[in-house]
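*Asks:* So the chains spell out like this:
Protein chains: 2
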Amino acid sequence: MSHYQHHVFFCMNVREDGTACCGHHDAAEMQQYAKSRIKQMGLAGEGKIRINKSGCLDRCDEGPCVVVYPEGVWYTYVDRQDIDEIVDTHLVKGEVVERLRI
Amino acid sequence: MSHYQHHVFFCMNVREDGTACCGHHDAAEMQQYAKSRIKQMGLAGEGKIRINKSGCLDRCDEGPCVVVYPEGVWYTYVDRQDIDEIVDTHLVKGEVVERLRI
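Going line by line, the protein sequences match chains A and B.
The opening residue of the first sequence carries number 1 in my numbering; numbering runs sequentially from there.
The opening residue of the second sequence carries number 103 in my numbering; numbering runs sequentially from there.
With the rest of the complex left out, here is chain A:
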């Protein structure tokens, strides 16, 4: 079994040259929001869920982006409602959110 049931990586890349990057789309705030929600729900930790920051996932043009492993499902998001849907539907119920998939 996987160390984490769902291991989520938020791309936190910030490009200083003005080109597309996840860091210009509230990635830091959204990662913290997702992490806090999972913790509040008692779902954080080994055998459960881990919400991580990561360096550039190299899909900036489709971002801001996040990847959920071991499933290998990629999402984009705009706001907290999107994060809530990824948390409640994918991480809790195990169903892919097709609307946000990239």
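If you're looking for bench data, these hints aren't it; they were derived computationally from the structure.
No false leads were slipped in.
Okay, derived cross-link-like pairs now, BS3-like style, lysine-lysine, Cα gap no bigger than 27 Å in a straight line:
1) B/K141 with B/K195
2) A/K35 with A/K48
3) A/K48 with B/K155
4) B/K137 with B/K155
5) B/K155 with B/K141
6) A/K39 with B/K155
7) A/K53 with B/K137
8) B/K155 with B/K195
9) A/K48 with A/K93
10) A/K39 with A/K93
11) B/K137 with B/K150
12) B/K155 with A/K35
13) A/K53 with B/K150
14) A/K53 with A/K39
15) B/K155 with A/K53
16) B/K141 with A/K53
17) A/K93 with A/K53
18) B/K137 with B/K195
19) A/K35 with A/K53
20) B/K195 with B/K150
21) A/K93 with A/K35
Computed Cβ-Cβ distance ranges for the label pairs, DEER-style:
22) B/Q142 with A/D61: 23 to 31 Å
23) A/E29 with B/V116: 20 to 28 Å
24) B/R201 with A/I102: 35 to 43 Å
25) B/R201 with A/D79: 39 to 47 Å
26) B/M103 with A/D61: 16 to 24 Å
27) B/D119 with A/Q32: 17 to 25 Å
Which stretches of chain A does chain B cover? Using the computed rule of at least three CB atoms under 8 Å from a CB of chain B, they are:
28) 48-57
29) 67-80
Glycine included, every Cβ here is placed at the ideal spot set by N, Cα and C.
Knowing the structure of chain A, use the given hints to seat chain B on it.
*Replies:* Below, chain B without anything else, positioned relative to chain A:
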């Protein structure tokens, strides 16, 4: 199919309070070394391999640590020879390096 065949995350966490953390074990240098080797071998990119930095993977006591997805295989490492073995055996040949597994 997964966007990346192997997606590797190096824990880059640095703790300032002196407790165990991956950042005190050359994690930055080792991540850069692995990334450069994969690029030199022509194995970097979509459908192939991505070597990423990540925030704390929360296994510092067993670290420095790295996780390979979608397989969900975790490794520790000491030096470049360990990185070479993970690259050559796992990422290229697809065989788990039991010696370095955590």
